[in-house]
Amino acid sequence: MMQTLYDKLWEQHVVHTELDSANSTTLLYIDRHLVHEVTSPQAFESLKIAGRKPWRINSILAVADHNVPTTDRDQGIHDPVSRLQVETLDQNCDELGITEFKMDDLRQGIVHVIGPEQGATLPGMTVVCGDSHTSTHGAFGCLAFGIGTSEVEHVLATQCLLTKKSMAMRIVVDGKLGLGVTAKDIALAIIGEIGTAGGTGYAIEFTGSAIQALTMEGRMTLCNMAIEAGARAGMVAVDETTIEYIKGRPFAPQGELLEKAITYWRTLHSDPDAIFDKTLTLNAASIRPQVTWGTSPEMVTTVDGFVPDPANVADSVKRQDMEQALNYMGLQPNTPIQSITLDKVFIGSCTNSRIEDLRAAADVVKGKHVASTIKLALVVPGSGLVKHQAEKEGLDKVFQTAGFEWREPGCSMCLAMNDDRLSKGERCASTSNRNFEGRQGPGGRTHLVSPAMAAAAAIAGHFVDVREID
Amino acid sequence: METFQAFEGLVAPLDRANVDTDAIIPKQFLKSIKRSGFGQYLFDEWRYLDHGEPGMDVTQRHLNPGFVLNQPRYQSAQILLARSNFGCGSSREHAPWALQDYGFKVIIAPSFADIFFNNCFKIGLLPIILDRLIMDQLFREVIETMGYTLKVDLQTQLLITPDGEQFTFNVDAFRRHCLLNGLDEIGLTLQQTDKIKQFEQRHREEQPWLFT
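Same order as they appear, the protein sequences are chains R and G. Position 382 (the first sequence) corresponds to 379 in this note's numbering; numbering is contiguous. Here this note's numbering = 1-based position in the second sequence + 10.
Bear in mind the hints are in silico, worked out from the structure with no lab data behind them. There could be a bad hint or two in this list.
[To be verified] Computed cross-link-like contacts, SDA-like style, restricted to lysine to any residue with a CA-CA straight-line distance of at most 20 angstroms: (1) G:Lys115 - G:Gly134; (2) R:Lys99 - R:Glu405; (3) G:Lys207 - R:Glu405; (4) R:Lys257 - G:Thr222; (5) R:Lys45 - G:Gln201; (6) R:Lys161 - G:Phe127; (7) R:Lys257 - G:Trp219; (8) R:Lys161 - G:Leu136; (9) G:Lys44 - R:Gly48.
No experiment lies behind these values; they were computed from the predicted model shown.
Working from the sequences, and respecting the hints, build out all of it.
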């Protein structure tokens, strides 16, 4: 039978199926368990109380990323509550012998950046983490999704999850992206089209010539945002780009084992006639740079567009939602996007903090300076290794000369669990993934954009069309 | 986990779509390494006028009188009516923990985000999906009627209004079984230890690179 990539990945990991309903509860084996400090302490504690031990220690890779400071690392974490959470992770990992990249390790970084960077994320795997953006790892042709803390404990104890198969959605993006248009814009355009619940109940496979043309960094950005479309998992089939990225990474197989693995990995794509429950097609050439205007990623338009008018919306719940969003965002209907001025700019997060993202942003700012009206422009690399690579290329100097701050790796102002945050009413162009109320700080206003768009906005002080700058 | 018993509870309406987990429990409270105590910070940015931080004495904080859960008529509500895509955003189980710790046993919405929906079952909080039109009716009735309650019976999968009107809902058989019996899923899975070991051995032979 013709299978989707999702079917193949699923089938390869079924331990047992309960025949309890049409969509059976399945015991699914987990190959890689990524752990961070925020969603794991309660799981480790319950495990201990129950007298249980982790099933397979070498399936686990841990890192603290949400609470870590992005300045003065050698001073430690000054917030005692944050510090305790990170220390708790360190302690749990030390006690159980779990591999952890501690805060002073060059390999430390955002969990969804370091997994792939280390080759700890491999095609064909099931990858879970107590973090919704685990969908990122699907870029490697694996089945990766976020779980809650009870499930973190379940995977620790049993190496399995009790779960149900999702439906399969295919999103085909064919054609060539225009200059200055990125994977982030594809992701936001898709969410604008299907909404933040459009992918609920589905695993999404991204296919088409525009997807094949993306680098691994671009594919990670796209799969990362699958959860913002409501889908727990996003994925891209394995091809030469995938295989080339993996070769030589520390956790990746080598030599004969690598050859054997590659033979298997090449089968990780949907069969030509595989049947999807839903298909959506987009033309890459028609995608323009995207900017969100509201408090949900689906509240998005193009950079040459306008803030929409709730008066034109018939559905009362939706209209009320828009009015609330505009009120929170301090925006008037019909305002041109490019007239929106900004206070802060954030380049970073598990969506857009990889080397390619930093290069794209540096390209835009090179030889220019951040607008005097911008209070803070931050670049937070996704990992110590990304930072190191960027410094080797001189990108840190490009950013600093332009007036950006160059920080230590972590989640930072994507969710403001550390000191990096917006103050009430401040408006930010951000390369992160969520523009929810208060996400980047209480009362803060977030506009989601690509790294190049964020960089261009920092220079101009307001949104500009990155396609039109020199 | 406690067994889920049939009960009759006061209903509160939260008339907003796409309520995300950042709104349900803001990030500063996720720094806790405990599983309890989140109820006082539920919907913190909507519920209070001042900014909340972990460890604050909530009795000294300024309540937002405009927020629905602060209205006297909805105090001690056990059932929350919500709109579509409730619980979207992050995987934080702190969101269901906060709702449960506040006193909610049931959340009713036309749709839920996947991870949140799943997380609820793991802790014995029941998310119920009802048709949008029924939801509209319930919202109307709750707002119009002081002290509006619903009876929730998971065994028969019935919701009963004060007028005796009944709505059926559907909960997947395995999840229902676990909730009704308060089962520990890890314990259940560990009964399959032999199967997991057999699978693991075969998997290791087929893809040895996954185990290095």
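We went through each hint and held it up to the structure:
| no. | hint | result |
| --- | --- | --- |
| 1 | G:Lys115 - G:Gly134 | 8 angstroms, holds |
| 2 | R:Lys99 - R:Glu405 | 13 angstroms, holds |
| 3 | G:Lys207 - R:Glu405 | 42 angstroms, violated |
| 4 | R:Lys257 - G:Thr222 | 14 angstroms, holds |
| 5 | R:Lys45 - G:Gln201 | 19 angstroms, holds |
| 6 | R:Lys161 - G:Phe127 | 12 angstroms, holds |
| 7 | R:Lys257 - G:Trp219 | 9 angstroms, holds |
| 8 | R:Lys161 - G:Leu136 | 18 angstroms, holds |
| 9 | G:Lys44 - R:Gly48 | 18 angstroms, holds |
Checked against the numbered hints given earlier, the structure breaks only hint 3 and satisfies all the rest.
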